[in-house]
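Let chain A serve as the given structure and place chains B, C and D on it in line with the hints.
As given, the protein sequences belong to chains A, B, C and D, one line each in that order. Heads up: the first sequence is residues 1 to 322, going by UniProt numbering. Heads up: the second sequence is residues 1 to 322, going by UniProt numbering. Heads up: the third sequence is residues 1 to 322, going by UniProt numbering. Heads up: the fourth sequence is residues 1 to 322, going by UniProt numbering.
One or more hints might be untrue.
Since the list gives no way to pick out one identical chain from another, each pair is judged satisfied if it fits inside one copy or across any two copies.
Quick list of in silico lysine-lysine cross-link-like pairs, DSS-like style, CA-CA up to 30 angstroms [stated by the list, open to error]: (1) Lys8 to Lys155; (2) Lys68 to Lys107; (3) Lys86 to Lys2; (4) Lys86 to Lys302.
Keep in mind the hints are simulated off the structure, nothing from the lab.
4 protein chains.
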Amino acid sequence: MKYNNLGKAGIKVSEISLGSWLTFGNQLDTEGVKQTMRTAYEHGINFFDNAEAYANGLSESLMGMAIKEYRREDLVISTKIFWGGKGPNDLGVSRKHLLEGIWNSLKRLQLDYVDLIFCHRPDPTTPIEETVFAMDYIIRNGLALYWGTSEWSAKQLEEAYTIADKRNLIPPSMEQPQYNMFVREKVEKEFLPLYQKYGLGLTTFSPLASGLLTGKYNEGIPENSRLAKFKGLKDDLEKDGLLSSKNIEKVKRLSKIANDLGATMAQLAIAWILKNPHVSTVIIGASRPEQVIENVKATEVKDKLTEDVMLEIENILDNKPL
Amino acid sequence: MKYNNLGKAGIKVSEISLGSWLTFGNQLDTEGVKQTMRTAYEHGINFFDNAEAYANGLSESLMGMAIKEYRREDLVISTKIFWGGKGPNDLGVSRKHLLEGIWNSLKRLQLDYVDLIFCHRPDPTTPIEETVFAMDYIIRNGLALYWGTSEWSAKQLEEAYTIADKRNLIPPSMEQPQYNMFVREKVEKEFLPLYQKYGLGLTTFSPLASGLLTGKYNEGIPENSRLAKFKGLKDDLEKDGLLSSKNIEKVKRLSKIANDLGATMAQLAIAWILKNPHVSTVIIGASRPEQVIENVKATEVKDKLTEDVMLEIENILDNKPL
Amino acid sequence: MKYNNLGKAGIKVSEISLGSWLTFGNQLDTEGVKQTMRTAYEHGINFFDNAEAYANGLSESLMGMAIKEYRREDLVISTKIFWGGKGPNDLGVSRKHLLEGIWNSLKRLQLDYVDLIFCHRPDPTTPIEETVFAMDYIIRNGLALYWGTSEWSAKQLEEAYTIADKRNLIPPSMEQPQYNMFVREKVEKEFLPLYQKYGLGLTTFSPLASGLLTGKYNEGIPENSRLAKFKGLKDDLEKDGLLSSKNIEKVKRLSKIANDLGATMAQLAIAWILKNPHVSTVIIGASRPEQVIENVKATEVKDKLTEDVMLEIENILDNKPL
Amino acid sequence: MKYNNLGKAGIKVSEISLGSWLTFGNQLDTEGVKQTMRTAYEHGINFFDNAEAYANGLSESLMGMAIKEYRREDLVISTKIFWGGKGPNDLGVSRKHLLEGIWNSLKRLQLDYVDLIFCHRPDPTTPIEETVFAMDYIIRNGLALYWGTSEWSAKQLEEAYTIADKRNLIPPSMEQPQYNMFVREKVEKEFLPLYQKYGLGLTTFSPLASGLLTGKYNEGIPENSRLAKFKGLKDDLEKDGLLSSKNIEKVKRLSKIANDLGATMAQLAIAWILKNPHVSTVIIGASRPEQVIENVKATEVKDKLTEDVMLEIENILDNKPL
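Chain A on its own, in the form it takes in the complex:
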């Protein structure tokens, strides 16, 4: 396993990391979480991603129990604050919710600090200045070590950097966008000016486009798949036009390449992301230890992705942002 800086930040994250979204507290109980994390850790994963919203906090509670077995310094633990409940102040990244949110997350995680804290979404009802001040507060009070955003626009990030620079506050270190073979605009185009200028790091999610890039929907959606279970996921995919026959056709063609390389389609899809030097880590959403093991092997597949193979993939995808 390779460990990358988070953008220019000094902290190191494994190039493949384990997310808890949809799995911890949904598909996985206490024992399942422990086993999946243990497998991930033993295969070199050090970054475990979480959020207050995942399973309404249960995901953090389960991770909190599981990480007691580890040396704190060996782990990079994150949370994301935005959806903390149903009250008027449980939503967004106001100073009130950021602070109340992180205080509650740390209790569930049974930690003194997380390594990474994210604004889980942009919040049009809170000035970015308030958020940057609050994040600086959170770090200076030792509740988190680095802060970042998720699904923010380049413009919003620019504003955050400008304010941090003007006010001598700690700037963001990372963004968590969706990124995979079918969703490329933000990472490959919109964010381009930010990598060099600010050293922005990326912790990307949904590497398999909710399973689409495993090839398992090539012949329709199986009954016990995650897509069948979480209606919202499917709605999202359809809304974004990802579940098109054109895309499924592409997956079929990509599967052949994977096969030629002795890899699964999922491994190829992850390895393809690993080739992007702006990606610090790819968050996988494995629900079983075996899945972790399979996904981690993508790091080996990466070495097989020569320039020629990458070109062949590009030709199939035919969606490079201009």
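Leaving out everything else, chains B, C and D in the frame of chain A:
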């Protein structure tokens, strides 16, 4: 109930909120406070206003007991510091009194932090810079989330904003002025430049002009009314010339409009304030659960205040600041 | 008793205050300290001055015991850091000694914070920038509310203000110089530009020039006087040329004025200082309750110091700094 | 013993100090550490140098036990953070490792704060801005009093100073370079512009070039010498070309000078460093109390190093950086 941002700040307050001034610890005992707050909460009120000066701290102690039944994140609790006792350093917003004041308020409220802390008045004996530094300290130490002022002038607020900007300190978020049909100068004229420029929010008090706008003094001051009980209130009203026969005449004419809309005079008076987009929340001073319920219904009356009705009211009031 | 701002700072100090130098732990034991402070407090004194160096910390321990009887908010307690022991790092106002010094002082005083902390002297071995950063740290950590200096030059203070302004640090609020009828240069000339420009406040010590201005040395030094007991005091007076026959002659002439006003010489000397608007408080060093009472009456004598009387005094003193 | 400022910083360190590298936890057990430190302390040494890396933390644990016998204010204790373990985030001076490192070091040392914290090496994988922000955090949270670097280049230090100045952060106070008769470039040339401009202090290590300057390798490497025990040391010396016959020849000639002055070769080597006004303290690595005593006497030898003797030494060394 609608929840508004506090000016541009990310925190959300119910458009009607419950104050404890003159009621908690005076007209209301422990049980009365609990019932009134419960009724308010159940009707959507999330902001409960307080001050160290109210009933000499007893108002905070009573609220402190009452809020134990709630989830902290669901509440927006304020206090105001200025009158903390009889000693030379118990008055004003020096660093000494602001810190000693908030430490004591938090003990009475049994809280780790309030959401909002106000300078209860301008303090000509303390440089505004000292106050802004101290408020920044209070927020950075987690004793409060947002700070503001009460009954400050636009000029004083401008100075506070300028210092905060220069020193990279956290700026004020809100002002608490008196505002009602008969007291309009500050909110509608003096503060106008501040709303856009700094995103100043307003938590207005005395919506009924100490009862005058309920119509209950139309035929003289009843014996057990708040005005009869608190001599200072009546003195204030008289000093400001509010208890004039001209004003009582206006109330009589406004009462007819209220009646036509199927509303009480108090509801009309509150609804009229709610129409002002610069007002984040109207603090009511209910002393009984039924009063809370009556006042909250002003949110419905607001929808009936068409442009025509507003014009009719303006014609009666005939006091629009130019 | 009048309460003055400390320069422009918002904190209020009684115009006469009680010092512990040479008395607490030397002339006064636990009971004596308690009685003297009680008398002072009952006559309106709220500021009690101390230093880590006084009686090697015993003065702070005694005051710490005595102030348990009071409401903390009613007191203004100071300490001064500079001479903390015999080790290489016990001297001066380095960050190391300032922090270790205040931590130890607070333990002896049994307090969470002092109101005022002074650099007891300038420290040529420590950059003023380090001292200003450390003082800002001390205030932002809640260990003290205001900071100042003692016996610094105007140039050193200017540098401190400049650094605080540049770095957005909390500036000094007060200086503690010697000031009396015979020592006038610093307060009346050197510091003049600082009062207006920075709002510097003064807590002056040695109002009676170590007893010289009581008139009790008019006929030589009595055996049980403080001057006889503390050899250093006498050396200082002689070094500064204060114990001259010329000065004693002046005291004799001033005593007549005092007598004409129905005041003691000491009261006249203190009242004369109170007339200076730049002096926030005059620290007296009473060793008996009766002395406190006598000194406090200087506030009444002050009202008798008409322009004519002041001119008469000036003519006798004949030492106005130009 | 003379006590020097650490560059311009106000803290005072004995001109000779005791390091724990290679000795504490290796050659010295609990009792040995206590005795060596006691001897050092009794001979005027107040600065005891340590690092998380020394004996994998055992050196800190041993020092932590030994210093319980002393008054905290009498000691200057350091640690250095860089090598904290084997995990991806245990290396370097990222915010994560600096904070986790100092938290762990303080536990082992059983202290609330160290006096000095060093970045044990430059870390090309962490932006210097992140390190400066983290060091400022560490000092403002009371975990250390001063921060510095070890084996950084002048260019890296310049960048740290520039960032601290721009962001109003606490700048570094000291560097810990290797410095002795055979390793002079950094201290005598590269750092020259920094002493005046920033007041950089030096705590130099390896005064005897790993024993070479004791003369004990003049006839080959004895079996139980430190060089024989720690292979890395010998490798380093050889890599740097220090163990050359030319150098051994120089040591032989220098030994004669030492002899003429009634000093040992080691004393001469240390005294020669003490003559450099930019050196705040020379860290010795004594493994026995007698060695401490011998080394400390270098302070007396220093007085014998007249201009003539220094010239004679320079002629022998013939390695002055130009």
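Structure-based check of each hint:
1. Lys8 to Lys155: both (20 angstroms within a copy, 19 angstroms between copies)
2. Lys68 to Lys107: Both: 13 angstroms inside a copy, 19 angstroms across copies.
3. Lys86 to Lys2: Classified as between: cross-chain Cα gap 14 angstroms, same-chain 40 angstroms, threshold 30 angstroms.
4. Lys86 to Lys302: Result: close only across copies, 25 angstroms inter versus 43 angstroms intra.
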